[in-house]
Structure formats: C-alpha cells, structure tokens
Amino acid sequence: DAGITQSPRHKVTETGTPVTLRCHQTENHRYMYWYRQDPGHGLRLIHYSYGVKDTDKGEVSDGYSVSRSKTEDFLLTLESATSSQTSVYFCAISGQGGRDYGYTFGSGTRLTVV
Amino acid sequence: GESVGLHLPTLSVQEGDNSIINCAYSNSASDYFIWYKQESGKGPQFIIDIRSNMDKRQGQRVTVLLNKTVKHLSLQIAATQPGDSAVYFCAENGAGNQFYFGTGTSLTVIP
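Top line first, the protein sequences correspond to chains A and B.
First residue of the first sequence? That's 1 in my numbering, and the numbers climb one at a time after it.
First residue of the second sequence? That's 115 in my numbering, and the numbers climb one at a time after it.
Some hints could be false.
[Said to hold, decoys possible] Here are the computed distance ranges between Cβ atoms for each label pair:
hint: 1; chain 1: B; residue 1: Gln159; chain 2: A; residue 2: Ser7; range: 13 to 23 Å
hint: 2; chain 1: B; residue 1: Lys182; chain 2: A; residue 2: Asp100; range: 40 to 50 Å
hint: 3; chain 1: B; residue 1: Arg171; chain 2: A; residue 2: Glu14; range: 42 to 52 Å
hint: 4; chain 1: A; residue 1: Gly16; chain 2: B; residue 2: Gln128; range: 22 to 32 Å
hint: 5; chain 1: A; residue 1: Ser83; chain 2: B; residue 2: Asp169; range: 24 to 34 Å
hint: 6; chain 1: A; residue 1: Ser83; chain 2: B; residue 2: Asn132; range: 39 to 49 Å
[As the list claims (entries may be wrong)] A few chain A positions that, by computed beta-carbon distances, are all more than 10 Å from chain B:
hint: 7; residue: Glu14
hint: 8; residue: Asn28
hint: 9; residue: Thr71
hint: 10; residue: Glu79
hint: 11; residue: Gln85
hint: 12; residue: Thr86
Quick caveat, the hints were computed from the structure, so don't treat them as lab data.
Cβ coordinates follow ideal geometry from the N, Cα and C atoms, glycine included.
Model the full structure from these sequences, guided by the hints.
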C-alpha cells in the first residue's frame, strides 16, 4: 500500500523467542496502529501511537510492546512469542485519528509461532 | 450479514448482478462508519464512509445505507464484477475515538 510498508511479510518463529515487526510510513501521519486479524474476529487493536514516544494500549495488548522513536516508524515487539500470537498483523496510519477516511493499512505480516 | 461467529458469512452473486452486504453495529453512540474491502493477502482498503447525520451515501458503483434505528449498515455494489470478490467488513467509530471492526462477509462473484 502506498505510503506504508510492513516488514517482514512472513515470519516463522519458535515459542519463547522475541520477535519485532516493523511498520514504516512516508505520509508523516501522526497516528499509527497495530492490529491483529484472526479467523472469527474482526481486526483487534493491540497498541497505537499518537505521536513520537506517545503510545497507548488497545484491547489485546498483553504480551506485546511497542516503540515509536520517530514519526515514520512504529515497532511491535513480542517479548516471548507464544502460539496464541500466531496471527496476521496489520499496521495502519491516519492523519486525524481516522475520522477522515479511516485508516490506511499496510499489507500485513503473517506470523507463525511454532 | 456479519457476525462474531467462527465462520465467515458468504455471499455468491452472478457477474453483473447487484450485491448487498449487511452489517449490524453495536454502539448506538457511534457516529462514523466505514466499509472496507480486503482482498486475499492484502490489507483492508477504504471503500466508502458515512456519518450518522446521513442515511445514504453513494460512490462509484457503491452505496452505503445507514439505519440508526436498528443499528444497521448495508453496502450495495452495483453491477458486481469479478474484481469485487473479496472480504468486506464494516467499522464503527465509537467510544474513545476507536474503530471497531466487524468480522466480514466473503463475496464471491461468479463469472
């Protein structure tokens, strides 16, 4: 998707290992979000950021941490991956908190924890 | 329509027919709604939005209807094409300015 990239696109990791997913934007948007998408559930918010070094928890934040040291990058870290964290992770950005045309989403990272 | 069950609702339509996808939202205080399209292996993509002071909004081949009385949204796609095959889900902007996403409906267009 234009202006937002996620890396890696796919990752397989072992239980108990740390994992970091990266979201990079070129839109200079203030807000950035991490969601996970699982069968039977809508997109669920993990963490979000409303500025550099300003972050807050979403509804499924346990086991995840985030960091935003500069406007363009938002990192999601699984400190010790578990099988329940196998999911597709999406990063999203918005300029005004989403109330103008919602969010722009990245292409996702498929994470498998074995 | 959408649900929070394990199985994704599905809709199959013939190419050229109109499609209607439904969504029930949960929060009567929500005042902004978006329909997204998600193709396989890709992130969700904005289709159309509507604010609670409107009942209907039209885009190119798409129309969104909002019925606040019964907390219901629908997405109508005119002259459905094979490229419309995807998962469609609604999002509501409610408390705390957060968006809440439905589980989606899988649309298959039969050539």
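Hints, verified against the model:
no.	hint	in the structure
1	Gln159(B) / Ser7(A): 13 to 23 Å	holds, 20 Å
2	Lys182(B) / Asp100(A): 40 to 50 Å	violated, 21 Å
3	Arg171(B) / Glu14(A): 42 to 52 Å	holds, 48 Å
4	Gly16(A) / Gln128(B): 22 to 32 Å	violated, 50 Å
5	Ser83(A) / Asp169(B): 24 to 34 Å	violated, 46 Å
6	Ser83(A) / Asn132(B): 39 to 49 Å	holds, 43 Å
7	Glu14	holds, 25 Å
8	Asn28	holds, 19 Å
9	Thr71	holds, 20 Å
10	Glu79	holds, 24 Å
11	Gln85	holds, 19 Å
12	Thr86	holds, 16 Å
This entry does not satisfy hints 2, 4, 5, going by the numbered hints stated previously.
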